[in-house]
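> Guided by the hints, dock chain H onto chain P, whose structure is given.
Number of protein chains: 2
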Amino acid sequence: MEKQKIAILGGTGALGTGLALRWIKADYPVIIGSRESQKAVAAADHLQEKWGVKVTQATDNVSAAEAGDIVVLTVPFAHQRSTLKSVQTQLKGKILIDVTVALAPPKVARVQLPPEGSAGIIAQNLLGEAVNVVSAFQNVPADALQSEQSSIDCDVLVTGNNVEAREIVIQLAAKAGMRAFHAGPIDNSVATEALTSLLISINKRYKAHSGIRITGIHT
Amino acid sequence: MEKQKIAILGGTGALGTGLALRWIKADYPVIIGSRESQKAVAAADHLQEKWGVKVTQATDNVSAAEAGDIVVLTVPFAHQRSTLKSVQTQLKGKILIDVTVALAPPKVARVQLPPEGSAGIIAQNLLGEAVNVVSAFQNVPADALQSEQSSIDCDVLVTGNNVEAREIVIQLAAKAGMRAFHAGPIDNSVATEALTSLLISINKRYKAHSGIRITGIHT
Numbered sequence: 496m497e498k499q500k501i502a503i504l505g506g507t508g509a510l511g512t513g514l515a516l517r518w519i520k521a522d523y524p525v526i527i528g529s530r531e532s533q534k535a536v537a538a539a540d541h542l543q544e545k546w547g548v549k550v551t552q553a554t555d556n557v558s559a560a561e562a563g564d565i566v567v568l569t570v571p572f573a574h575q576r577s578t579l580k581s582v583q584t585q586l587k588g589k590i591l592i593d594v595t596v597a598l599a600p601p602k603v604a605r606v607q608l609p610p611e612g613s614a615g616i617i618a619q620n621l622l623g624e625a626v627n628v629v630s631a632f633q634n635v636p637a638d639a640l641q642s643e644q645s646s647i648d649c650d651v652l653v654t655g656n657n658v659e660a661r662e663i664v665i666q667l668a669a670k671a672g673m674r675a676f677h678a679g680p681i682d683n684s685v686a687t688e689a690l691t692s693l694l695i696s697i698n699k700r701y702k703a704h705s706g707i708r709i710t711g712i713h714t
Numbered sequence: 496m497e498k499q500k501i502a503i504l505g506g507t508g509a510l511g512t513g514l515a516l517r518w519i520k521a522d523y524p525v526i527i528g529s530r531e532s533q534k535a536v537a538a539a540d541h542l543q544e545k546w547g548v549k550v551t552q553a554t555d556n557v558s559a560a561e562a563g564d565i566v567v568l569t570v571p572f573a574h575q576r577s578t579l580k581s582v583q584t585q586l587k588g589k590i591l592i593d594v595t596v597a598l599a600p601p602k603v604a605r606v607q608l609p610p611e612g613s614a615g616i617i618a619q620n621l622l623g624e625a626v627n628v629v630s631a632f633q634n635v636p637a638d639a640l641q642s643e644q645s646s647i648d649c650d651v652l653v654t655g656n657n658v659e660a661r662e663i664v665i666q667l668a669a670k671a672g673m674r675a676f677h678a679g680p681i682d683n684s685v686a687t688e689a690l691t692s693l694l695i696s697i698n699k700r701y702k703a704h705s706g707i708r709i710t711g712i713h714t
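Chain order of the listed sequences is P and H.
Read left to right, the first sequence gives residues 496 to 714 (our numbering).
Read left to right, the second sequence gives residues 496 to 714 (our numbering).
Chain P on its own, in the form it takes in the complex (with noise of 0.2 Å):
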């Protein structure tokens, strides 16, 4: 079976050409997105210098959504829904890993989560019933991605309505090196997005770059 094609959409931030990197690492077909495609061409270029990977393509938002079986979305808060937006009939029938955090800047350390809850709960309502939201990668620190070390020091706990889209979304964490747990219906994006301002908060302190680990499973 052929692998599905992964696109990153907003894929030039560190966190988004972490995934893209280890993603192809692991043989998926990775599709860079950004608003401007030259952005993405540039990450597509970096990528390619620094570790020697090489994208399938680097577009556009709106095409690289269309060239998606699977849609990921790593973008500041702020431009979360006008993306969405752009690309709502590109996501049809697919699954969107949203790895938003409603940060509210400049107090990211402080929780301070919107009227609807969470950018999960957003993405999901904006998107409807077509779309199979899954919440994903919030507390990753971005830069462990980008390294030389295969497995990462942080679990990743995936909410979102549909369990099936779920289990697809653990599966490409564990191919990037991250042990994934179900953590309950897009609701619970809640718990992941608010985590992340207290895990800033706690890299400001102690300075470190802080992840967590769920304890007390047996697998």
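None of these hints come from the bench; they were simulated from the model.
Since we're looking at a predicted model, the values are computed, not measured.
Any given hint might turn out to be false.
If several chains are the same, the list does not tell them apart, and a pair holds so long as it fits within one copy or across any two.
[Stated by the list, open to error] The calculated lysine to any residue pairs, modelled on SDA-like cross-linking and capped at a C-alpha distance of 25 Å, are:
| hint | residue 1 | residue 2 |
| --- | --- | --- |
| 1 | K670 | G711 |
| 2 | K602 | T691 |
| 3 | K699 | E662 |
| 4 | K702 | A669 |
| 5 | K602 | E659 |
| 6 | K670 | T710 |
| 7 | K702 | A660 |
| 8 | K670 | R708 |
| 9 | K702 | D648 |
| 10 | K702 | H677 |
| 11 | K699 | E659 |
| 12 | K699 | N657 |
| 13 | K589 | Q666 |
| 14 | K602 | G711 |
| 15 | K702 | I712 |
| 16 | K702 | Q641 |
| 17 | K589 | Y523 |
| 18 | K602 | E624 |
| 19 | K702 | Q666 |
| 20 | K602 | N656 |
| 21 | K602 | H704 |
Below, chain H without anything else, positioned relative to chain P:
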């Protein structure tokens, strides 16, 4: 210096008696309070019979709050406000360690936070500046406290607006066998309380007694 007296309100459940057990073992004077003092006496008797430890006093919540230097609240969310109102005078100038989690039964595995954000925020708003509210111990599996094992495989995320008060709670957690971290202002208790529902969801799916560890900190 004499050790501070710890009063545990609603201290008859698994979490309250577990904390009592561990602090008594660490030579702290512990007072157990309950709405009905005979329930507190029963919990004290249980601790004596099962673990051979002796609580300093078992009484009603108001007397316990009066007698304690540090007061711990471990009641169901539905009783949080009424309990706090009943001891508001007794708490003045003290630290309140609020262990309450804003759960909305019966769907406790789904994050459903109150309009205020969290039980911790509700407590701080209700009690005002006269009381240093510190939120902690939300993610600790209660059964782990009542065990022979001295150290617990779960970290404690400590939130509150007063750094010194947080530090005292971090030390108390250490005495009870838990590693604890400063995790920001009381607003960040949204994260720890939401995380409780997410861990319950994990427990159901994986038949686990899950907890969390913070990674990436060199302490």
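> The structure should be examined with respect to each hint, and the outcome stated for every one.
Results of checking the hints against the structure:
Within a single copy, K670 and G711 get their C-alpha atoms as close as 23 Å, and across copies as close as 21 Å, so both meet the 25 Å cut-off. Taking CA atoms no more than 25 Å apart as the test, K602 paired with T691 passes in both settings, with 12 Å inside one copy and 24 Å between copies. For a Cα distance limit of 25 Å, the shortest separation of K699 from E662 across copies, 16 Å, qualifies, whereas the shortest one inside one copy, 33 Å, does not. In this assembly of identical chains, the alpha carbons of K702 and A669 lie at most 25 Å apart only when taken from different copies (21 Å versus 28 Å within one copy).
Taking the closest pair of Cα atoms, K602 and E659 come within 25 Å of each other only across two copies (21 Å); inside a single copy the shortest separation is 36 Å, beyond that limit. For the identical chains of this complex, K670 and T710 are neighbours both inside a copy (21 Å) and across copies (21 Å), given an alpha-carbon limit of 25 Å. When the C-alpha separation of K702 and A660 is checked against a cutoff of 25 Å, the pair qualifies only between copies, where the shortest distance is 21 Å, while the shortest distance within a copy is 36 Å. For the identical chains of this complex, K670 and R708 are neighbours both inside a copy (18 Å) and across copies (23 Å), given an alpha-carbon limit of 25 Å.
When the C-alpha separation of K702 and D648 is checked against a cutoff of 25 Å, the pair qualifies both within a copy, at 17 Å, and between copies, at 23 Å. Taking CA atoms no more than 25 Å apart as the test, K702 paired with H677 passes between copies only; the shortest distance there is 12 Å, against 30 Å inside one copy. Taking the shortest Cα distances, K699 and E659 sit within 25 Å of each other only across copies (17 Å), while inside one copy they are farther apart (37 Å). Taking identical chains as interchangeable, the C-alpha atoms of K699 and N657 lie at most 25 Å apart only when they sit on different chains, with a minimum of 17 Å there against 35 Å within one chain.
Taking the closest pair of Cα atoms, K589 and Q666 come within 25 Å of each other only inside a single copy of the chain (16 Å); across copies the shortest separation is 49 Å, beyond that limit. For the homomeric pair K602 and G711, the shortest alpha-carbon distance between copies (22 Å) is at most 25 Å, but the shortest distance inside one copy (33 Å) is not. In the homo-oligomer, the alpha carbons of K702 and I712 lie at most 25 Å apart only across protomers (8 Å), although the nearest pairing inside one protomer, at 29 Å, exceeds that limit. Taking CA atoms no more than 25 Å apart as the test, K702 paired with Q641 passes inside one copy only; the shortest distance there is 19 Å, against 34 Å between copies.
Taking the shortest alpha-carbon separations for K589 and Y523, only the intra-copy value of 17 Å comes in at or below 25 Å, while the best inter-copy value is 57 Å. Taking the shortest Cα distances, K602 and E624 sit within 25 Å of each other only across copies (22 Å), while inside one copy they are farther apart (33 Å). In this assembly of identical chains, the alpha carbons of K702 and Q666 lie at most 25 Å apart only when taken from different copies (20 Å versus 32 Å within one copy). Within a single copy, K602 and N656 get their C-alpha atoms only as close as 30 Å, which misses the 25 Å cut-off; across copies the closest is 15 Å, which meets it.
For the identical chains of this complex, K602 and H704 are intra-copy neighbours only, at 18 Å inside a copy versus 33 Å across copies, given an alpha-carbon limit of 25 Å.
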